[in-house]
Amino acid sequence: MPPAAGERSIFRNGVNIGQTFPFGIACLFQHSLLGERTNLFKMVTGMVRTLIAGNWKMNGLKSSLMEVDKVVEKLAGFPDAADCLICPPSTLIVPMAERSGDRLQVGAQACHPEAFGAFTGDLSAEQLRDAGAEYVIVGHSERRSEHGERSAYVQEQAHACLRAGVVPIVCVGESFAQKQRGETNDTVVRILRKSLPTLGSSDSLVVAYEPLWAIGTGLVPSEAEIREVHGVIRNLLIELYQDRGSELRILYGGSLKPANAVEILAIENVNGGLIGGASLKADDFMAIYEAAVA
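When you read off a place in the sequence shown, starting at 1, and then add 795, the result is the number in the numbering used here.
Everything labelled a hint here was simulated from the structure, so no lab data went into it.
Here are the simulated DSS-like cross-link-like pairs (lysine-lysine), alpha carbons at most 30 Å apart as the crow flies:
(1) K852 with K869
(2) K857 with K869
(3) K852 with K974
(4) K1076 with K852
(5) K857 with K1076
(6) K852 with K865
(7) K1076 with K1052
(8) K857 with K1052
(9) K1076 with K869
(10) K852 with K1052
(11) K852 with K989
(12) K974 with K989
(13) K1052 with K869
(14) K1052 with K865
(15) K974 with K1052
Full structure from sequences and hints, please.
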């Protein structure tokens, strides 16, 4: 809605943070006073519902579903103020969806671009949705490096997700060498431009920033570095999708854990996390979720 006469829209990193001048000044003051956007600042400006997503990777057997039962039980004790998602191995999608309850969503970790055909060992987005998946991770660095998935292929996967009615989580990140050369922002933008799909009027997507050098290493970028990269991603989303770009979720992944969740989730344009190892245990995963809804 355009501002009324005498009012002023104020933008920060391309996002409208308030249509009235006093409100915008108050938000800017809060940001400058605290040095980072607090959860309150995020709540009143972003209006983007946080997503805490777990990527189990190639971990988990039927016996691991007891951790899912714990997650479902613990979720009931928290306010419904953020979405919670687990992407297990494909073998566990059906049993996990059957016991996920109302608060836990289930996703998958990859898909084939085609809906069906002679592709031995692959699963289509339609099949994954039929099994109970609501999201699919595409373009994870391990898929890019271990399976040779290029950005053009990732974009095809993302379009397949939209075709099937599931939400793609498009991953992007830079190597340590690229970081050392000061190429982080350029690398992230270049990869995303080639990986992001065209959105229809009812489509949505999630972007996950995962610096490759931080995945599973315990190393974490500084809060300033995370804020900068997420701001760059936000500006690109707004460029590509106009106003809708300010509403799409940008997750941070890469050694996100209970010990640093409060600080990282409070950073501007961090709309949740994509968690690896810490999502395998309900206590650790729910500690991160608690930080998101506190």
